[in-house]
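S.K.: Sequence:
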Amino acid sequence: MLKTKSKAISAALAALLLISAALISCGKSDAPAADTGVTEAETAAAESLSELDVRAAVPDELPEADFEGYNYRIVCENDQDWYYYNEEQTGDVIYDAVFLRNAAVGERFNFELTIASCGDYGANGSFMLKAVMAGEDAFDLACTHIVNTGSLVLKDIFMNWYDLPYINFEKPWWARSNIEDLTYNGVAILAIGDYALSAIGRPYCVFFNRRLAESYGIEGVYDTVMDGRWTIDRLSELTQDIYQDLNNDGARDVEDFYGLATGVASNIGAYLWAFENPICKKDGEGNISVVMATPKMSSIVEKLNKIMWENRGTYFNTKHVSKIDGSSYHVGGRDLFAYGRAVFANGYLDYAIDFFREMEDDYGIIPYPKWDENQADYRSLVDGNHAVLAIPKTTRDLERAGIIMEALNAEGYKTVVPVYIETALKVKYTRDNESVQVLDMLIANRYFDFGYVYDGWSGGSFWLEGLIQKHNNDWESHYAKNEKKLLAHFTEVFEYFDTAAAG
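Numbered by this note's numbering, the letters in the sequence shown go through residues 703 to 1205 in order.
Please note: incorrect hints may appear among the correct ones.
Below, in silico cross-link-like pairs of lysine-lysine (DSS-like), each with a Cα-Cα straight-line distance of 27 Å or less [said to hold, decoys possible]: (1) Lys-1183 - Lys-984; (2) Lys-1095 - Lys-832; (3) Lys-1186 - Lys-998.
The calculated label-pair distances, taken between Cβ atoms and stated as ranges, are [what the hints assert, rightly or not]: (4) Arg-1098 - Trp-784: 21 to 31 Å; (5) Ala-1146 - Ser-1024: 24 to 34 Å; (6) Ile-881 - Glu-1194: 22 to 32 Å; (7) Asp-1079 - Ser-1000: 45 to 55 Å; (8) Arg-931 - Asp-839: 53 to 63 Å; (9) Ala-1190 - Leu-948: 44 to 54 Å; (10) Gly-919 - Asp-1027: 26 to 36 Å; (11) Thr-1201 - Asp-1027: 36 to 46 Å; (12) Ala-1078 - Glu-1194: 29 to 39 Å; (13) Pro-867 - Glu-916: 53 to 63 Å; (14) Lys-998 - Asp-943: 23 to 33 Å; (15) Asp-951 - Glu-921: 30 to 40 Å; (16) Glu-1060 - Ala-1190: 45 to 55 Å.
The set of hints was computed from the structure by calculation and includes no laboratory data. Cβ atoms here follow ideal geometry from the backbone N, Cα and C, with glycine treated the same way.
Start from the sequences and build out the full structure, keeping to the hints where you can.
M.R.: Next up, the structure:
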């Protein structure tokens, strides 16, 4: 339960943001800011106001309301609960920001936030499905695994966000993808907002050890990125010959030293979006279609197989088991980088907080490479275990649901995201000033592909990693074999949206 007085909340938030503002001013760079949907007027105001002032000045335009101590219940993943709910302040700047966000909004509208279910994505999915199908008013908000939650959409248990009053996707606390990618035919069932903090922390990126890079004569990494020359070929060139058999056993294993270390699952799948080859794409008229089978897909598969299986300097081990936490498929890069046995490694931003804080070496953070220099932007897939937001159809008070959700996202944008990005990633947990310049780029260029969000493990998003795991270069045969299933799945998804639009 959140029990605190408004004056104490306001004072604590003010102190927290003053600390963050001081850190931000010390760590300012000339890098372009993340695209957060701020208006031209707000951008102009930024010239005379701090980033925190600009954020705080964006009105949420919500009415006064008193929800009489309502128990607002969320469903969240058990490895991410602290993103959404903390019972008390702990002294950790991010945990405290989360607590104070909830407390401030709860005090403003007189409600208390609690957890209805906090299991893994399977348990949460079962809980939500059973409750809504039974007509039970068991929870108010899902903050759950995006791919698994997407698979539940066809069960018709979640509302259309556009049916909720006070929800304004034009506001900067909502991801631009809600309109650009995840709205189809006037319907958005799942949404990304700044209350879903894991969507900020889990875009895929590349870490590099600065000391080790310099020892191998690798210089100007950030210049390469900012000049648009950071490509998959460049990554291969830099890492393919870096290898040392540290344990002298004649085998390439986890005890050795590599130029590039990676997991074998979503770390690999993320290249699909880094190379701007999404599953689905919306055209200028708002129609979404399946576009995965581009002319370059065969080349993508062949190139990644060569890098992962044939480059001497790559650690890619389908049998990897972590000595840190027992994890497997996703964490080969994370582990070797934490051990100091890889120059470059794939991972997502949260690793900087959870696993790399104690590293003695300084490291940098850069985006996944582009396919080639002709590609305009670096793009970042956000790992599928990040949270998406959904409102159950058993919701009884739409006005209350809309006000609380808009307020929590707005307050997250104003008070939690600045602390998380500026304090945790840019100042507290990253070691070099140049990393600051690419973090806004990573956040701004997050990819929320309709085809990934509504994949449901049936839509092709995981085909690439499967092919690479099997060292299979035959993309054409794989697609031909599975195309019918792929198109049938998305036909069902599109038909569901059409039905929802028709009311």
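S.K.: Which earlier hints turn out false for this structure, listed by number in ascending order?
M.R.: 7
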